[in-house]
Amino acid sequence: MKFIQFSKILSKIEDTASRNEMIDLLVELLKSLEKGEVDEALYLVQGRVVPRFIPIEFNVARKLMMKALALAFELDLKFIQEKFSEYGDLGLVAQNQIKRNKSAVTILDVYQQLYDMAMIGGKDSQQIKMDRISELMKSCDQLSAKYVTRIILGSMRLGVSDKSILDALSILAVNDKSKRAVLDKAYGVRNDIALIAEEVISKGIQAAEKISILPGVPVASMLCERESTLGKILQRIPSPLVQPKYDGLRAQIHCDMKGIRIEAGSMSEQHQLLQNKNSNVAIYSRNLESLTDMFPDIVEDIEKLGVKSIILDGEIIAYDESTSQFLPFQETIQRRRKYNIKKKLREVPVRLYVYDVLYLNGQDFLGKSFRERNTKLREIINKRKGERLIYSTPTVTTSTVGEIENVFQKYVEEGLEGIIVKNPDSFYMPAKRGYDWIKYKKSSKGFVVDTVDAVILGYYDGRGARSKFGIGALLIGILNKNKKIFQSIAKVGTGIKDEEWIVIKKKLDSISLEKKPKNVEVSMGLFPNVWVEPKVIVEVESDEITRSPNHLAGFDGKMGYSLRFPRLKLFDRIDKTLDTITTVREIEKWYKWAKVRTKSSR
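According to my numbering, the residues represented by the sequence shown are 95 to 696, in order.
Because the hints were derived from the structure by calculation, they are not lab data. Hints are not guaranteed to be accurate.
Taking lysine-lysine pairs in the DSS-like style, the calculated list, with each CA pair at most 25 Å apart, reads [to be verified]:
| no. | residue 1 | residue 2 |
| --- | --- | --- |
| 1 | Lys279 | Lys575 |
| 2 | Lys232 | Lys271 |
| 3 | Lys398 | Lys352 |
| 4 | Lys562 | Lys462 |
| 5 | Lys232 | Lys172 |
| 6 | Lys257 | Lys577 |
| 7 | Lys562 | Lys663 |
| 8 | Lys533 | Lys686 |
| 9 | Lys232 | Lys304 |
| 10 | Lys578 | Lys609 |
| 11 | Lys432 | Lys670 |
| 12 | Lys462 | Lys585 |
| 13 | Lys585 | Lys612 |
| 14 | Lys612 | Lys257 |
| 15 | Lys600 | Lys670 |
| 16 | Lys610 | Lys652 |
| 17 | Lys102 | Lys609 |
| 18 | Lys629 | Lys610 |
What follows is a set of in silico ranges between Cβ atoms, one per label pair, in the way DEER data are often shown [claimed, not checked]:
| no. | residue 1 | residue 2 | range |
| --- | --- | --- | --- |
| 19 | Ile435 | Asn190 | 39 to 49 Å |
| 20 | Lys297 | Asp673 | 41 to 51 Å |
| 21 | Lys157 | Thr491 | 51 to 61 Å |
| 22 | Thr417 | Lys578 | 40 to 50 Å |
Cβ coordinates follow ideal geometry from the N, Cα and C atoms, glycine included.
All chains should be modelled from the sequences, with the hints used to inform the complete structure.
Below you can see the structure in the form of structure tokens.
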């Protein structure tokens, strides 16, 4: 397929406000692709050249892209900067500097050039990338230049999620969405939409049923639900297993002593070269980011488990050996870095607490009960004696509210967040949030059951003492899953130190927009001074959930929901994903629980 044809379909997707029409356009795209183009095209739709779990990025910042466009079109850099200020989109800047409406360049041509560029590193890499971008622009037509620019910057602005593509694949295969469950299961264990599409298009929907778990490819994490009281938890799970809730970095650990082999799309041979330097172990965060290089101490300890192959689910948490105390998440997250890793390893020692085993010595454990998985896990981990970093998560069998309460109080007194209550007969369900796992935190006893994971929608100029920072408050939103949009729920200006405002503004300015994104809903009276792409996730505490005519989260025509006295607890929760942030449905549920508590306390 010519890249201009690909770009025309992307343009139609961008212009439509209808999700059904977007799905139809994705079906049209999938039908139009030739053999050998499917995975490349779908990676490009995501603004990538490889799956998200492979740590290859373009690493081209906005400033470098501006220089590349100035070079390509023989224009002054100041002119490009002025045009960006006018359009708010470097894709549009590139599009408007080209006169050509036709181009012979193909999807595979563009993909290969972008792939090669992403692989460039080392000395002079920025200059080389700038030259490569400039040359690629010279071969593009207007529309192609727009999307090539956006792909490189990782800002497609299409509103296309992997779930949208799964819908399109089901329709392509059987003319309706009835095969979504099959595709969801395949996606849950492989997390590579392009590979799944390639298999389904070339071999039929039955190929998706054969896609299985594989060491080296992250499995989507199983997620917890919440309940308002321990009594209600016990009603859902009569004889639960209870584990502590750690405030750490969720991690999925893959080990294959024969060597990790990453398979991704039809480029699998190439991608196998992308494995980590330590080819036996790979560590992934909940949002599929590779953490392997950041935790060499964990990698070393994993190789001592004495297994042929294994996939573990657990939590990495900073731990002070001298005081036997768990440290806050802010300490743990310091280990997430590309540089000075050895220095931080000494400064912030960590432990890995494992609470599940998904795969062992060639056998898939997803379909085994949690009781069976937990027994096998403890057998593997606890046989090791002496100094180590890897521990099995303590598990207590309970049958009464009093027993659960005792376990809860024990872990809260140890400085942990609370407990996870698990159904002993449950299977591991990738990407599913349900009542087989229920979390109960310290905050569950208050008027807000949990902290709110929200996304930043924009920011307001600073006033008074904050005027010097150019930022004074954040506008945050939560996910409305039914509408597939983010809706405002609070303005946050407290809980942030002066030096943190500088870091926050720099981060947000790098993803600023000229106008409100189409997947964001905010009332006119709350429009921020600066809009940003809804990417940065924050954790927010508050005293209460209230009804508000100003915020649009769960708006019923008269009132929405808002947070009373919101405070920023953590900025940029890189370990979380947009599809797992707090939802309108959850806020509605917490609001009702709080009302019941208020009545019962009178």
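Consistency of the hints with the structure:
1. The straight-line distance between the Cα atoms of Lys279 and Lys575 is roughly 20 Å, inside the 25 Å bound, and the hint therefore holds.
2. For the suggested pair Lys232 and Lys271, the alpha carbons sit about 41 Å apart, so the restraint of at most 25 Å is broken.
3. With a C-alpha separation of about 14 Å, the suggested pair Lys398 and Lys352 falls inside the 25 Å cut-off, and the hint holds.
4. Taken as a hint, the Lys562 and Lys462 pair is broken in the structure, with Cα atoms around 58 Å apart against an allowance of 25 Å.
5. With a CA separation close to 20 Å, the supplied pair Lys232 and Lys172 stays within the 25 Å bound.
6. In summary, the hint linking Lys257 to Lys577 is supported, as the alpha carbons are separated by about 14 Å, within the 25 Å threshold.
7. With a C-alpha separation of about 23 Å, the suggested pairing of Lys562 with Lys663 holds against the 25 Å cut-off.
8. Distance check on the hinted pair: Lys533 and Lys686 sit about 18 Å apart at the alpha-carbon level, within 25 Å; holds.
9. For the hint linking Lys232 to Lys304, the alpha-carbon distance of about 43 Å lies beyond 25 Å, and the restraint is violated.
10. For the proposed pair Lys578 and Lys609, the alpha carbon gap of about 19 Å is at most 25 Å, so the pair holds.
11. Note on Lys432 and Lys670: the hinted pairing holds, with a Cα-Cα distance of about 19 Å set against a maximum of 25 Å.
12. For the hint pairing Lys462 with Lys585, the CA-to-CA distance comes to about 45 Å; that exceeds 25 Å, so the pair is violated.
13. A hinted pair counts as satisfied when its Cα atoms are at most 25 Å apart, and Lys585 with Lys612 qualifies at roughly 20 Å.
14. Proposed proximity of Lys612 and Lys257 is supported: the alpha carbons are some 18 Å apart, at most 25 Å.
15. Distance restraint check for Lys600 and Lys670: the Cα-Cα separation of roughly 21 Å lies within the 25 Å cut-off, and the hinted pair is therefore satisfied.
16. The hinted pair formed by Lys610 and Lys652 meets the criterion: a straight-line CA distance of about 22 Å does not exceed 25 Å.
17. Among the hinted pairs, Lys102 with Lys609 is consistent with the structure: their alpha-carbon atoms are about 23 Å apart, no more than 25 Å.
18. With a CA separation close to 14 Å, the supplied pair Lys629 and Lys610 stays within the 25 Å bound.
19. For Ile435 and Asn190, the Cβ-Cβ distance of about 43 Å falls inside the hinted range of 39 to 49 Å, so the restraint holds.
20. Remark: the range hint 41 to 51 Å for Lys297 to Asp673 is contradicted by a beta-carbon distance near 28 Å.
21. A hinted range of 51 to 61 Å holds for the C-beta pair Lys157 and Thr491, which are about 57 Å apart.
22. The given range of 40 to 50 Å is respected by Thr417 and Lys578, whose C-beta atoms sit roughly 46 Å from each other.
Taken one by one, the earlier hints fail for this structure at numbers 2, 4, 9, 12, 20, listed in ascending order.
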